[in-house]
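The primary structure of each chain is shown beneath.
2 protein chains.
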Amino acid sequence: MRIAYLGPQGTFSEEAVEIYRASLDSGRYGAFTTGSAHELVQCTSNAEVISTVAGGQADEGVVAIENSIEGPVNVTLDMLAWDVDLHIKGEVLVPIIQNLLVRYETAEAGTGAGVRAITKILSHPQAVGQCAAFLNRHFPSIPVQYASSTALAAHMVADSRESWAAIASTRAAAQCGLTVLLPSIQDKDNNVTRFVALSRDKDGPNTGKCKTSIVFATEHVPGSLYRALGVLNLWDLNLTKIESRPAKNQLGNYIFFVDIEGHREDENIRDALTMLKKKTFYFKMLGSYPTA
Amino acid sequence: MRIAYLGPQGTFSEEAVEIYRASLDSGRYGAFTTGSAHELVQCTSNAEVISTVAGGQADEGVVAIENSIEGPVNVTLDMLAWDVDLHIKGEVLVPIIQNLLVRYETAEAGTGAGVRAITKILSHPQAVGQCAAFLNRHFPSIPVQYASSTALAAHMVADSRESWAAIASTRAAAQCGLTVLLPSIQDKDNNVTRFVALSRDKDGPNTGKCKTSIVFATEHVPGSLYRALGVLNLWDLNLTKIESRPAKNQLGNYIFFVDIEGHREDENIRDALTMLKKKTFYFKMLGSYPTA
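Going down the list, the sequences are from chains H and C.
Taking the numbering used here, the leading residue of the first sequence gets 1, the next gets one more, and so forth.
Taking the numbering used here, the leading residue of the second sequence gets 1001, the next gets one more, and so forth.
There's no promise every hint is true.
Said to hold, decoys possible - Label-pair restraints from in silico Cβ distances: (1) H:Q250 / C:K1209: 16 to 26 Å; (2) H:E219 / C:S1026: 31 to 41 Å; (3) H:K188 / C:I1142: 47 to 57 Å.
Derived from the structure by calculation, the hints contain no laboratory data.
A virtual CB, placed ideally from N, CA and C, is assigned to each residue, including glycine.
All chains should be modelled from the sequences, with the hints used to inform the complete structure.
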């Protein structure tokens, strides 16, 4: 089986796809995948991971969907809602620890001298957001350049001859031969990114401890969201997530991504969602899968 | 009065602050501001606009809060909820039309030759997101470099000697002496950015056609959001917006930004929000202001 993910080596996505690959081999997702060879397909963006699975160049894909600090990964939510018909068949949680990485030459005179020598900081926009207070405090006037992944930022620093720094994982440091100048620089603890495993046709197995993800839009009339949530409340369903995104047709129109405890095969979920479809003018099932 | 905004000249924020300044002079926000001189204070990020107002280096600030395609401006929502105590006293809607701008030398051989000559595209991440399908279709392999504003991207292209392109407004093109190679390249019509005017101590006047913005968090128990919305439903209040953001303490905990039709001085809004405070464990009034 071919599994697409956001490369290069050293990304948190690589960590997620390896956790997912291990759980496939453990049989967590049923016998059909156990023992098969899982070839990884490197992509250069989250959008490419999703379109690679949708287009059949990979069988499955692992892609970031939300972070506990920075919030939703917009491109993932928007593509799942509008552009592709894929099933979420699993989820993986990866704790995110960001570090300030420099070349050995920048670090060798000590931490203080290394910090003062830095002329530019490179990272992915999400990682920059996760370290915003740190950067404001210690590097208020140093330019920040965005890269398409934290690992690519580390590669760019390693390949340069400049006193640049990358915000990335210790995994990226090890792979690029960079030195950790300052460890664990993210603004908040509890920094976790949630990844989902996508398939063209399969949901995850019903293990008895599952989640079901849906997306819907209500009519733009007073109380419509309240009534939609009332359906879920009536069946005593527990929401573990609700996330709004613009409907993109008019300011003030939203679609809602909701995760519910339970599997779509469960009778109460099936009945509640049958009713919810009637109460919404757009509804899409995204899939059921074992809770991480 | 000093009004902070995201510069340099040519940004959509500049357009917003000029619309706001004109509405101040028209007396829309009451007599206290009419006729006063309104000096503009240029900032280099949305975060700086907000902290400039909170710190007293400006009296008011105009800052982007959401876009109809890309969704919320996370830094604005997060700072209003957690970092500062400011009042929203007005809102401004600015239609966003993005264009592909190049130097005259790149464009002079014609549009097709100009497009083929482009080696790099520069813009603000939000603008890149708004033109994502356009870029995928026409420039799948051309690198995109992020800049801190669309106007800065235009300045960088104008100052270079390269065949670069910027995604920015026609206003930026005029100010930097750039040529519009391809006009109106955003993926969707109805691309509107909503800006809010912030003050340390004043809400907007009650004109009879107002909005009130609040942010709250419910307890992490089943049905808590449903019950909170039930309070607003009980008082027949009309929600014009609901937006979730991570509470940042744990994946799956959210705070909700809600806009309601009406002014906080209105009796039904006051009564409903008094009850809502009792039903939520975090509640913050962000302000009431005339609807744009």
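- [ ] For the range 47 to 57 Å, tell me whether the beta carbons of H:K188 and C:I1142 fit it or not.
- [x] 36 Å, violated
Open item on the list: I want to verify a distance hint. Is the separation of the beta carbons of H:E219 and C:S1026 within 31 to 41 Å?
Closed with: 35 Å, holds
Task: H:Q250 paired with C:K1209, Cβ distance criterion 16 to 26 Å - done: 18 Å, holds
Of the numbered hints given earlier, the model fails hint 3 alone.
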